[in-house]
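K.L.:
Could you build the full structure based on these sequences and the hints that come with them?
Count the sequence shown with our numbering and you get residues 3 to 197, in order.
Rather than coming from a laboratory, the hints here were simulated on the basis of the structure.
One or more of the hints may lead you astray.
[Claimed, not checked] Label pairs and their in silico Cβ distance ranges:
(1) T53 with G132: 41 to 47 Å
(2) K165 with E125: 20 to 26 Å
(3) W7 with V100: 30 to 36 Å
(4) K165 with V100: 32 to 38 Å
(5) N112 with F54: 39 to 45 Å
[As the list claims (entries may be wrong)] Okay, derived cross-link-like pairs now, EDC-like style, lysine to aspartate or glutamate, Cα gap no bigger than 16 Å in a straight line:
(6) K17 with E63
(7) K17 with E49
(8) K108 with E129
(9) K62 with E49
(10) K120 with D101
(11) K177 with E192
(12) K150 with D178
(13) K108 with D141
(14) K62 with D101
(15) K62 with E38
(16) K177 with D188
(17) K150 with E138
(18) K94 with E125
(19) K39 with E63
(20) K108 with E138
(21) K108 with E125
(22) K23 with E38
(23) K39 with E49
(24) K23 with D34
(25) K110 with D141
Glycine included, every Cβ here is placed at the ideal spot set by N, Cα and C.
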Amino acid sequence: IANGWVFHKEPIDGKYYLFYKDGVRLTGAGVDANNEKRYYVNGILAEGNATFDGITRFYKEGISIDANSNIFTINGLPANGWVTFNNPVNGKTRLFYVDGIPLTGKVKDNDGEHLFIKGSLAEGLQEYNGLTLLYENGDPVTGIRNGKYYVNGIIANGWVFHKEPIDGKYYLFYKDGVRLTGAGVDANNETRYYV
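P.N.:
As structure tokens, then:
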């Protein structure tokens, strides 16, 4: 009676190797020669969506990837896009997933490029790719926040051009996000005085 992997000279259902238990092609959990538990469908390693014991999961090479990793699945498939939760996950009711993992990275859509951190649009000061930038709704901030001026998420230092004049001026000099009053060193390493 066949138990475990069996090689067939002539393929069965296009497969040369099938997994048997007590002489029958296995559908369900089985332990292979390496003592690893895997799931099989009609003797073939489970791939994609498969239902065992009334639970549908996503399988790769006979292993439920959502059972052995942090991959989030919906109906057994890795989640992609926005997912809304009735009960908050890490304090959030909506998260953005790519291949079942909460996205940390940038995504482009019709409104431009947005930064996600652990599935949420980036908010506040965030470090990403070695830079610390200020974000609102996934976008780098340009403007005054908490009394400091930011340009594309970076705190302003030096000359900044304003599309709309501030106090009638298009260029203003900033140090640590605040308009400088007093001595400052410009890009030419020259000390200048600002009012």
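K.L.:
Evaluate each hint against the coordinates.
P.N.:
Consistency of the hints with the structure:
1. Evaluation of the 41 to 47 Å hint for T53 and G132 yields a pass: the beta carbon distance comes to about 45 Å.
2. Separation of K165 from E125 is about 25 Å and conforms to the stated range, judged on CB atoms against 20 to 26 Å.
3. Between W7 and V100 the Cβ separation comes to about 35 Å, which falls inside the hinted range of 30 to 36 Å.
4. Under the hint 32 to 38 Å, the C-beta atoms of K165 and V100, about 35 Å apart, fit the expected range.
5. Evaluation of the 39 to 45 Å hint for N112 and F54 yields a pass: the beta carbon distance comes to about 41 Å.
6. Between the alpha carbons of K17 and E63 the distance comes to roughly 14 Å, so the proposed pair stays at or under 16 Å and holds.
7. Distance hint between K17 and E49 is fulfilled; the C-alpha atoms sit about 14 Å from each other, no more than 16 Å.
8. As the CA atoms of K108 and E129 are separated by approximately 13 Å, the hinted pair is consistent with the 16 Å bound.
9. For the hint pairing K62 with E49, the CA-to-CA distance comes to about 5 Å; that is within 16 Å, so the pair holds.
10. Distance restraint check for K120 and D101: the Cα-Cα separation of roughly 13 Å lies within the 16 Å cut-off, and the hinted pair is therefore satisfied.
11. At most 16 Å may separate the alpha-carbon atoms for a hinted pair to count; K177 and E192 meet this at roughly 15 Å.
12. Only pairs whose Cα atoms come within 16 Å are accepted, and K150 paired with D178 is accepted, the gap being roughly 7 Å.
13. Taking the CA atoms of K108 and D141, the gap is about 10 Å. The hint holds against a cut of 16 Å.
14. Note on K62 and D101: the hinted pairing holds, with a Cα-Cα distance of about 13 Å set against a maximum of 16 Å.
15. Between K62 and E38 the alpha-carbon distance is near 14 Å, which keeps this suggested pair within the 16 Å criterion.
16. The hinted pair formed by K177 and D188 meets the criterion: a straight-line CA distance of about 10 Å does not exceed 16 Å.
17. Proximity of K150 to E138 is assessed by CA-CA distance (about 15 Å); at most 16 Å being required, the pair is judged to hold.
18. Only pairs whose Cα atoms come within 16 Å are accepted, and K94 paired with E125 is accepted, the gap being roughly 13 Å.
19. Our distance criterion of 16 Å between C-alpha atoms is met by K39 and E63, whose separation comes to about 11 Å.
20. The suggested pairing of K108 with E138 holds, with an alpha-carbon distance near 14 Å, which does not exceed 16 Å.
21. At most 16 Å may separate the alpha-carbon atoms for a hinted pair to count; K108 and E125 meet this at roughly 13 Å.
22. As the CA atoms of K23 and E38 are separated by approximately 15 Å, the hinted pair is consistent with the 16 Å bound.
23. A threshold of 16 Å between alpha carbons decides the hint, and for K39 with E49 the separation of about 15 Å falls inside it, so the pair holds.
24. Of the supplied pair hints, the one linking K23 and D34 holds, its CA atoms being roughly 10 Å apart against a limit of 16 Å.
25. A distance of roughly 11 Å separates the Cα atoms of K110 and D141; the hinted pair therefore holds under the 16 Å criterion.
Of the numbered hints stated above, none is contradicted by the structure.
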